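In the order they appear, the protein sequences are chains A and B.
Residues in the first sequence are numbered consecutively from 0, following numbering that gives the first Met the number 0.
Residues in the second sequence are numbered consecutively from 0, following numbering that gives the first Met the number 0.
Treat the hints as calculated values from the structure; they're not laboratory data.
Computed from a prediction, not measured in an experiment: that's the story for all the values here.
Ideal Cβ positions, reconstructed from N, Cα and C, are used throughout, including at glycine.
Among the hints, erroneous ones may be present.
Here are a few chain B residues that face chain A, going by a calculated C-beta distance under 8 Å [unchecked claim]:
(1) GLN4
(2) VAL39
(3) LEU40
(4) GLY44
(5) ALA54
(6) LEU66
(7) GLU75
(8) ALA79
(9) TRP167
(10) ARG231
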Amino acid sequence: MASVAEVKAAINTAMEHVLEGQEVVAAAGEKLSEAQGALAVALDGSGHDAVLACHAALAQAALELDECLAATAAAVEQAEQYVATL
Amino acid sequence: MSVIQELGATLNGVSAGLPLNELRQAADRVQAATGLLGYVLHTSGRSIGLSQLAAATTNLEQAFATLARAQETLAEYQRAIGLGVAGPAPTVLPARQEEQERPKPKVEPKQAPALDDWWETRVDVVTGLDDPVDKKEDEKPPPAAELLRRVAALVRKEEPKPLRVQLWKAGPAIGLRLTALCAPLIQELSGELLGRKPGPADVPELRRRLDKLTLKALPGLPPQLPDILLGRACHAEPTHGNHGVPEHPVDSATGSAVLVGALLATLRRPPESLSLPETEEK
Chain A
0 MASVAEVKAA
10 INTAMEHVLE
20 GQEVVAAAGE
30 KLSEAQGALA
40 VALDGSGHDA
50 VLACHAALAQ
60 AALELDECLA
70 ATAAAVEQAE
80 QYVATL
Chain B
0 MSVIQELGAT
10 LNGVSAGLPL
20 NELRQAADRV
30 QAATGLLGYV
40 LHTSGRSIGL
50 SQLAAATTNL
60 EQAFATLARA
70 QETLAEYQRA
80 IGLGVAGPAP
90 TVLPARQEEQ
100 ERPKPKVEPK
110 QAPALDDWWE
120 TRVDVVTGLD
130 DPVDKKEDEK
140 PPPAAELLRR
150 VAALVRKEEP
160 KPLRVQLWKA
170 GPAIGLRLTA
180 LCAPLIQELS
190 GELLGRKPGP
200 ADVPELRRRL
210 DKLTLKALPG
220 LPPQLPDILL
230 GRACHAEPTH
240 GNHGVPEHPV
250 DSATGSAVLV
260 GALLATLRRP
270 PESLSLPETE
280 EK
């Protein structure tokens, strides 16, 4: 049976991984935003189906990243609350 | 460069700059955290953050698939307007001219990049091997208890290649169970080896006796990992072995199993002598 200290250590290490993941997701979001800006300038005025699909895909990916950050933030909050009770 | 060529270069740059690699890295971190929280669930019965991390993983997978689709639609557009495409799924900057002219090694066409290969990738790192593994689609890994016995037998025989294949094929669902399965065994077998209850001061002695087999099996294991795993078994302070580097769950799982194998081999006990819960997975 794991001790309280071991459970705490496992949760804390897990949260370090989550925080690292959040940083990478935030960096990915910035790159994605740059890509959206570059595409908007380069393809301004194009009504080609592929261009519209590409814009939509990038917007969808940005939304997924926001939701990912929200989900990981909720995980961190729950972990912090639990660790505080140990 | 014509305007249309300039547009092509811009689109190639945008496509290559999409953060697919970052999403893989993030997924790897989230999976690492999931493995540890799975251990917490196993040991404490409390599910902490697991559903949120599962949702985050789904978001990352969907974002990855969406970006890959965006790359395809960009390529489609470029072909439609008569432009060349830099290449399928360009995730790195285009090579310089002299590099492009150099003959390139033949690379097998790869399936769409998967986010779920983090276990196999890390197994390759810790074993230091990367030969192709022949895994059939319908091949099921053994239960964790049987996997541990196989690993222990291969550690004893000092056969790292089949050991890697066993770990590789186990996948995260079975493989991550090794950490929890092995923790009490490391403590019990360490005590048996020392002839008394292990304490924090015994970690160096245990390492001295186990390192040869451990290193042979997992040469890529972070050097501090055996300290951490043995330290837990020896009731060391929680900070013992804390070298400021987060543990990778694959390292903990594979390292724990190999330590059990090394302990059994040193004790000259067969893996079949282990008393293991056989009903843990259905």
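Quiz item: Which numbered hints turn out to be false for this structure?
Solution: The structure breaks hints 1, 3, 4, 9; every other hint is satisfied.
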